[in-house]
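> Sequences listed follow chains A and B, in order. Per the working numbering, the first sequence starts with residue 1, numbered consecutively. Per the working numbering, the second sequence starts with residue 306, numbered consecutively.
I should point out that these hints are in silico values taken from the structure, not numbers from a laboratory. Misleading hints may appear alongside valid ones.
Claimed, not checked - Cβ-Cβ distance ranges computed for the label pairs, FRET-style:
1) G507(B) to S259(A): 57 to 63 Å
2) A338(B) to G197(A): 20 to 26 Å
3) G154(A) to K606(B): 45 to 51 Å
4) I596(B) to N125(A): 27 to 33 Å
5) A513(B) to V41(A): 29 to 35 Å
6) R475(B) to S259(A): 20 to 26 Å
7) S183(A) to Y614(B): 16 to 22 Å
8) W92(A) to L460(B): 40 to 46 Å
9) P530(B) to S259(A): 52 to 58 Å
10) P210(A) to V349(B): 32 to 38 Å
11) A518(B) to K187(A): 40 to 46 Å
Given the structure is predicted, the values throughout are model-derived calculations rather than measurements. Glycine included, C-beta positions come from ideal geometry on N, C-alpha and C.
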Amino acid sequence: MTTRSEAGTLQSKHERNARTRRQRVSGFNLLVSLLTVALAVLFVFPLYWAVASALKRPVELNIIPPLWFPPNPQWQNFIMINDTIPFYRFMWNTAVVTILTTIGGVLSASLVGYGFSHFRFRGRNVLFLIVLSTMMLPSEVTLIPTYLIFNQLGWIDSFKPLIVPAYLGGGAFSIFLFRQFFSSIPKELNDAAKIDGCNPLRFYLSILMPLSIPVTITLCILYFQYAWNDLMGPLLYLTSLEKYTVSVGLLFLRTQALSSISQRGAPTEHLLMAGSVLSMLPALILFFLLQRYFIRGVIMSGIKG
Amino acid sequence: MNQAQRLPLPALRKQKRSKQALAEERWGYLFIAPWILGFIIFIVGPMLASLYFSFTQYSFPLTPRWIGLGNYIQAFSKDELFPTSLWNTVYYVGLSVPLGVLLSLALALLMDRNIPGRPIWRTIYYLPSIVPTVAAAFLFLYIFQPDYGLINGWLWRLFAIEGPGWFISRVWVKPTLILLSLWAAGGPTMIIILAGLQGIPGELYDAAEVDGADRWQKFLNITLPMLSPTLFFVSVTGLIGAFKIFSAAYVSTGGGPFYGSYFYVLHLFTQAFRHWNLGYASALAWILFVIILILTLVQFKLAGRWVYYESGMVDEPK
Chain A
1 MTTRSEAGTL QSKHERNART RRQRVSGFNL LVSLLTVALA VLFVFPLYWA
51 VASALKRPVE LNIIPPLWFP PNPQWQNFIM INDTIPFYRF MWNTAVVTIL
101 TTIGGVLSAS LVGYGFSHFR FRGRNVLFLI VLSTMMLPSE VTLIPTYLIF
151 NQLGWIDSFK PLIVPAYLGG GAFSIFLFRQ FFSSIPKELN DAAKIDGCNP
201 LRFYLSILMP LSIPVTITLC ILYFQYAWND LMGPLLYLTS LEKYTVSVGL
251 LFLRTQALSS ISQRGAPTEH LLMAGSVLSM LPALILFFLL QRYFIRGVIM
301 SGIKG
Chain B
306 MNQAQRLPLP ALRKQKRSKQ ALAEERWGYL FIAPWILGFI IFIVGPMLAS
356 LYFSFTQYSF PLTPRWIGLG NYIQAFSKDE LFPTSLWNTV YYVGLSVPLG
406 VLLSLALALL MDRNIPGRPI WRTIYYLPSI VPTVAAAFLF LYIFQPDYGL
456 INGWLWRLFA IEGPGWFISR VWVKPTLILL SLWAAGGPTM IIILAGLQGI
506 PGELYDAAEV DGADRWQKFL NITLPMLSPT LFFVSVTGLI GAFKIFSAAY
556 VSTGGGPFYG SYFYVLHLFT QAFRHWNLGY ASALAWILFV IILILTLVQF
606 KLAGRWVYYE SGMVDEPK
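Kindly produce the complete structure, drawing on both the sequences and the hints.
Here's what the structure looks like:
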């Protein structure tokens, strides 16, 4: 304990050091916080711009300096887009395909994951390794024969090629997640159910799945995003306009529908952006509603392993 | 009942166990049956078929004709677009994967701190990944439009720089697509790295502080090594995903300008479903597969040197 008179210099040096240390630390923190905000602005700004542009009139679109706020929000753009191409029909198609795919994927992957986690059978480890290795397989190597299969079946220009594969295993990643999660369920539950004479199917339905809601919801969100945003599948397998999904529909909007309008010279980005915003909405809404489960599901599934 | 009473006890237990084991096996196979079916129909079958096609001249819908290594020879010697598309893809992968991991690492480090409104920032970084690729590409096309887009507008008004052509410049189209991938993929990768960060035991940092380590030393000696398995996972999956770049280019530039964004899978797709050269396209697919396989194996081999597991190094010195 130094007194003021004896070690005055020492004490004030301590004080000075502490002050500079605090300043240095909060200087760093300030910089980092600024960085956080700056990056967030960069990330979110394009989305804002899409919405703003969707609400502008064609003349307001490409002027310099740019208009930050649409002065007269043209909500009717979201209706007008349906006059150019059957966009609402596209959204309906996409919803059908996406929901059916999601149900199939979650159902299928959870059953398979259950099989791998709760039952012992010959070749189990080898088969699971194979499941994992298919995660790294580029789909291009199976693309052409798969197309030929669907062609033989007469399924081209229908939703079946997009939906049916999800029911046959649902994707290696989902199987992996379910299996990891199911493995973490305590064995006592299993044994207790067996003693009560519960058969495996009932165990799956009444006990296992209700316990797995976070993982299930996470996978539902992931499937939904994947199916809703898919381009390659619909591009390959859907040839008639009324069956198009949103991704192909948007592409069609730009390459054919709007190019004929813009031959007259008018900007068309407002419609393109309106379509883009509409195409983003379902996935965004779903994400916001189920965010909590999603983050929890990612962590619970032990992804980092 | 009588028979069971007459059997000696150990034999009885063995009989009961194998009946249970057999039932368990049957249930197991039953539950994984959907995957087995899908695996045979959509993976094994097609892989064998496409391998066969790769050795044929197959102009759909005519029948395939065996030509041995003809397609592979054509790819490496006569097809001008093969080296172009391969180079474009390598360029793209070489930049987007490291930059992507770095960006996501930075974001994850930012999100690992206890700041107010953390879920909001985290959501904002994740949001672009939810946007459909087609919509994202159109959005970027608009923002990076050379004449009236935002970016060139700001470059001119703030710095008096005449911005490049971005999507319509042969030199700039790949960097622009890389920017698009950073924007769209930064979020999900951040989530994965963040999960890895939060698994690092706090005691390690406390012990280091006692020893007088500063922020940078803690990062280099604790954070990075403990994070290396996660970074490895992200690099491997990132590389595989990046090699398959297709949608963004197909939608925004169609492979142009002057094949500047003509990526490998775009070449494959064009050969298969525009020219209907199914044999040649199958060969292209297998070449891609082998390339990805080799790169992945190389990464696994290198992992022994820099990936640190709690239980020890991946590769024991021989």
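> Confirm or reject each hint.
Status of each hint after checking the structure:
Judged by the Cβ atoms, the range 57 to 63 Å given for G507(B) and S259(A) holds: they are separated by roughly 58 Å. Roughly 24 Å separates the CB atoms of A338(B) and G197(A), a value that falls within the hinted 20 to 26 Å. Restraint check, G154(A) to K606(B): a C-beta distance of roughly 47 Å satisfies the suggested window 45 to 51 Å. Checking the proposed 27 to 33 Å range against I596(B) and N125(A) shows it holds: the Cβ atoms sit about 29 Å from each other.
A beta carbon spacing of about 34 Å between A513(B) and V41(A) agrees with the range 29 to 35 Å that was offered as a hint. At about 22 Å, the CB distance of R475(B) to S259(A) agrees with the hint of 20 to 26 Å. S183(A) and Y614(B) have their C-beta atoms about 20 Å apart, which keeps the hinted 16 to 22 Å range intact. Our hint of 40 to 46 Å for W92(A) and L460(B) holds, since their Cβ atoms are close to 42 Å apart.
Between P530(B) and S259(A) the CB atoms are about 54 Å apart, so this pair conforms to the stated range of 52 to 58 Å. Between P210(A) and V349(B) the beta carbon distance is about 35 Å. The supplied range of 32 to 38 Å therefore holds. For the hinted restraint 40 to 46 Å between A518(B) and K187(A), the CB-CB distance of approximately 42 Å keeps it satisfied.
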